[in-house]
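Residue numbers (our numbering), protein chains in the order written: chain A, 1 to 997; chain B, 1 to 96.
Just so you know, these hints were derived from the structure itself, not from any lab. The structure presented is a predicted model; accordingly, all values stated were derived computationally and were not measured. Hints are supplied without guarantee of correctness; some may be wrong.
Unchecked claim - Every beta carbon over 10 Å from chain B, so not counted as near; a handful from chain A, in silico:
#1 Arg232
#2 Gln253
#3 Asp461
#4 Arg483
#5 Arg609
#6 Val627
#7 Gln743
#8 Trp833
#9 Gly881
#10 Ala885
Stated by the list, open to error - In silico lysine to aspartate or glutamate, DMTMM-like type, Cα no more than 25 Å apart, as pairs:
#11 A/Lys883 x B/Glu34
#12 A/Lys81 x A/Asp94
#13 A/Lys883 x B/Glu39
Note that CB positions come from ideal geometry on N, CA and C, so glycine has one too.
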Amino acid sequence: MTQPFRLPGVGRLDAGKPLAFTFDGKSYTGREGDTLASALLANGVHLVGRSFKYHRPRGFLSAGPEEPNALVGIHRDAARKTPNVRATVQELYDGLAAVSQNRWPSLAFDIGAISDLNAPLFSAGFYYKTFKWPRAAWDRLYEPAIRRAAGLGNAPDKPDPDHYANRFAHCDVLVIGAGPAGLAAALAACETGARVILADEQPVPGGRLRFEADARIEGKSGWDWAEETVARLAARDNVRVLTRTTGFGYYAQNMIGLVERVTDHLANPDPNAPRERLWQVRAKRVVLATGAIERHMVFPDNDRPGIMLASSARTYLNHFGVAVGNRIAVYAAEDSAYAAAIDLKKHGVGIAAIIDSRAAPESPAVEEARALGIDVLAGHAVIGTDGRLRVRRVHVAPISGGPHREFQVDALLTSSGWTPAVHLFSQSRGKLAFDEATQRFLPGLYVQDAVSVGSCNGTFDLASSVNEAFDAGAKVAKEAGFRKPRARQMEASSGTPWSIGMAGASPGVEPGTSKMAFVDFQNDVTAKDIRQAVREGMRSIEHVKRFTTTGMATDQGKTSNLHGLAIASQMLGKPIPEVGLTTFRPPYTPVTFGALVGHSRGRLFEPTRRTPTHDWAKAQGAVFEDVGQWKRARYFPQVGEDMHAAVARESRTVRETAGIFDASTLGKIEVVGPDAARFMELMYTNPWAKLGVGRCRYGIMLREDGFIYDDGVVGRIAEDRFHVTTTTGGAPRVLHHMEDYLQTEFPDLKVWLTSTSEQWAVIAVQGPRSREIIAPFVEGIDISDEAMPHMSVREGRVCGVPARLFRISFTGERGFEINVPADYGLSVWKSIWAEGQKHGACAYGTETMHVLRAEKGFIIVGQETDGTVTPDDAGLSWAIGRKKADFVGIRGLRRPDLVAEGRKQLVGLKTVDPQIVLDEGAQIVADPDQPVPMKMIGHVTSSYWSSNCGRSIALALIENGRARMGERLYVPMPDEMVEAEVTSTIFFDEKGERLHG
Amino acid sequence: MLLIHCPYCEEERPEAEFRHAGEAHIARPQNIAEISDEEFERYFFIRSNPKGLVFERWRHIHGCARFFNAARDTVSDRFLKTYKAGEPKPALDGEG
């Protein structure tokens, strides 16, 4: 018979076509609407996992997201293998394949369970104390071994093939949790016209009404009321109902993170649907209706499969139609657990006994249980259980002493009370207050516009809960600007009230016992461990937590934290609030990286910027490199060439004839206005006032501390207009820096700044033949050396397109940079290219650009400089306007350390063996024979093979470098000591004659 | 993500549109070239970094691009006030 524990006619699932699934390869069937947990339980399967540390057999503790034990792997296909899925949350679909974790060779026979026998060795803090010594063994031996033995599921080994969506939403009222309180609050709020979002983590809303079969609201069964209410809400235009959606994070100013699981419950998801959707909701008001989480009892061997929370057994029965056993005992310290026994008994399931640790429990539930003939043992405790893979026997004794009794069982239900789920309230930075009378932490001081309703607010009684929630929903809607709905009294009742219960170790688990009474199931933390932590000196719960790892597993201690705290508090002899409460942090339940990352992966991780000639360069076979977000052509290899050969050819061709280079990525800022020159005087070290229109100057920009911030050539287009260029990566920060001073320090200057980086395409034509190449295309500009010397700029037309033509050079050759509107960049480039080919010119890339500038000793900010280099260090003190009264950095340059002797200065380095190309970043020492650690006096900033020089060249920052000309220094490398001579930074055409043609 | 009220746009906008720009009300000395090392140190390096009420600069970089000032409580992360650059420091008490 299939699904032997499914009771006919019980529960809310359709008995229609069964769904087939497998667990560890064995086939089972379940029903539409099942979770993996309820389907396994319907088949009588309780054993689903092994614990983290002791490898103890474990079953289902709960029926919801708080589950610590029943973590499984869900294997959809080769790439979709999700580890650590809570079987109590995973919905069943036809063909689902689940596997157990943390066991070998099988779940029923697990070698790792030897840890359980050795448990006395593995006490709290065992790892901290044991694997300290010897240090070297940690990396090679201990850590790999511990990682193999511990851990839960295995991470998938293939890229995630799914995609994840991201939505932003605004609403007046966000209600988290669609139990009776959340539904009532949403109902009240939506009737005012407020925009409402209602989110619930379950596939079907209802919260506690899923198991409270005896609840009645507004004259209907609670469940029917919930279904009807959800339908009413969903039908309204101003309400969005999100199911399978967890509110996982409460951030500043009422921003809530929700994650919606879109396809994980489907057998054949639409491949175009996202697997999950992240919602970032900004709500005017938030209603927290997150409910409460039932706690287990902390008694010896309380972790065997078949031992579960009482309300969960009720959920399996009343919602899923599954009996969790045939002969069941209940162990409780509060009233609501009785309802589980009563419901099961009414459905013909054998109840062995209710064991209640309270001396004389009094409640209608106790009376009803007795009336049904259930054996109620008040003032008793469970002192142990038997059963290797499932609980088989319960040992019971009176707390005041007396003869032991045994009960044969196949399940044991426990409850020590309910913990309000204050996680999101606490994340909102609200202050929790400990309620002495009920021994609960409840929302105290709110710091955001939120309100808690229902059991997360400590209001356990159903009628009080829905009325409190309805009033709160109306109130927050009014606060959000809507008229208040008319007050309404909602009539509601539930059969079994929830009582206060107890926290901490159960009777019989006193200090000194060696019994294993689990507090935190997932991390295998027992009452004994927590007591030991206190004995070893931990005083704050924060320390106890870290020493024992209680509450630090993936369930974040939802069922266990209060127990841990109560045990520590008892050991310390201090009230609970003085021991403290650990901080609640997002996420409430685990969130996939996929959901958080959304579309920001692969090509969409960040924007890609391409220059106007990108596709042309690609067609020419260019190899690209990333420079910030830009794709830049690095070199243009011809057939059979590697990078070395291509760069050697390109750099020779530039100096012999000409080369064409796409410099469009240069940052460009248009500085305009009557005070433009005054502003430039303040922003750059150089003098600008006397720079003639049509002339260019190399400018250096400092920060106020005197260090080089950026550099670039600036052309004066008109008296009131400068064309400023910046480094490729520096454009945004230079504009930010300029705007900062213009807006906040010099707001009286009449200057306007505009980024034009992407408006101009820049085609550099460099080399002896550059003028001949561009000549046929230039209109209205005399480009003779006399009329347009080095460092000049003219406006005119190139290829019929309005252009700014610069006569500048980053190669040391005669050179032009043609700026044309970016849309014309490619067509102008193609014309220049065609003409260049007649002269034997080549296209060159950034690698050759680097080599050519290094041959001339031109610096690159960010390569020769690192934020601690002054103009003088870089050999650029000539660029400082000595007569200027002010510029940014003027005072910083005079700081004692910046004028001190012994600063690192930029020099050239020639290796004694000219074939050796030094490594950029390599350190430099003066004495190769000194003992290690050697005194490092500088480092290599740039290093290349120069085909024009026929040798390697390098630039370096070296202490007192300019005083060391001709000195031999050493660069220690792993396999050799490279000897090099300090030289001038200029390796080619030292007199600079080629610039002028 | 914080919401920040831009005093120029007169709108509350998400933090992602803004860029933090350090402590506010630190004026660059008019005679900066003449000041002593100690004065320069105080101007450039020393910041108050208090717990509680801070006055700081923000720039609405992906909006109007203006710099403005804000008073914020670093404990609650709440903005008490934002105001235009050049306006005087408002008299405010932190929230604790």
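Legend entry - Numbers of the earlier hints that this structure fails to satisfy, in rising order: 2, 7, 10
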